[in-house]
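Undergrad: Sequence:
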Amino acid sequence: MIQIVTPANEYCFREEMEQVWRLRHEIFVEEKRWLDLARPDGREIDQFDTAHAMHFLAIEAGRVIGYSRLLPTTRPHLLSDVLPQLCEGALPRGHDTWEWTRQAVARSHRGRGKAVNPVSLALLSGIVEWGLANGVRQLVLQMPTLYLLHVVQLHFRARPLGLPQSISGEDIIAATAEFDDRTLARLRTLTGRTDSVLAPTYPYLAA
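Residues 213 to 419 (my numbering) are what the sequence shown spells out, left to right.
These are computed hints drawn from the structure, not numbers from a lab. Take these hints with a grain of salt, some might be off.
Unchecked claim - Each computed EDC-like pair below joins lysine to aspartate or glutamate, with the alpha-carbon atoms no more than 20 Å apart: (1) K244 with E382; (2) K244 with D258; (3) K244 with D383.
Keep in mind the model is a prediction, meaning the values are calculated, not measured.
Could you put the whole structure together from the sequences, leaning on the hints where they help?
TA: Here is the structure:
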C-alpha cells in the first residue's frame, strides 16, 4: 500500500525515510547523473524537503520500493525556484495545485513491456485519491516530453506551460495535469483495484 508521510507522523517512519533518501540518491545521482545533487552520505535531500512536503511511499515487506513527493505551489518549489524557464506565462499557484516531483521506483520493481510501471501507477493513484479528498484539482510537473502522452492516456487533462528545453541531455517540458473522478477510475482500471491504495491512516489534511 501507499503510505503518506507528513510532519505529523514522520517520527513513525524514520527508517523508511532513510530508505527514501538513499533510493533518491541511487536513481537521480547514480543513474540519471544529476551530480549536483550528490552527497557524500549517499542521501539525496534538497531544499524542498521541508515540513511542507508530502511524501508518498510504496512499501513492500518493510522495504520502500517506490516514492513520490508533492510540494505546495503556494511556497517555493522546483518550477518557481529552479526551473522557471520552463513556464512562459504566470506560474500556476494555489491551494488546489501541488507540484509532483521526485518520482522513483526501485530497480527490482520496474516493469518491462508496460507503458507505466505498476508501482508508479499505485503511487499516482494514491496522489489522486489524496487530492480528491483534500480539494486539490491539478498537479504541476516537469517531465521528458515523451511522457506527456502517457499523462493524457491516464485521463489527466494536461496543458503544457511552455516549449520543451534540453536539461541534462533530455527534452523537458513543464505542464499542469488536472484530474477528477474519471482519472481515478482510469488508474483503478489499470491497476486492477477498486479499493483505496492508501494505508489505513488516510486521510491526511494538506500541510
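Undergrad: Taking the hints in turn, state whether each one holds.
TA: For each hint, the structure was consulted:
1. Only pairs whose Cα atoms come within 20 Å are accepted, and K244 paired with E382 is accepted, the gap being roughly 10 Å.
2. With a C-alpha separation of about 16 Å, the suggested pair K244 and D258 falls inside the 20 Å cut-off, and the hint holds.
3. With a CA separation close to 14 Å, the supplied pair K244 and D383 stays within the 20 Å bound.
The structure is consistent with each of the numbered hints, conforming to all of them.
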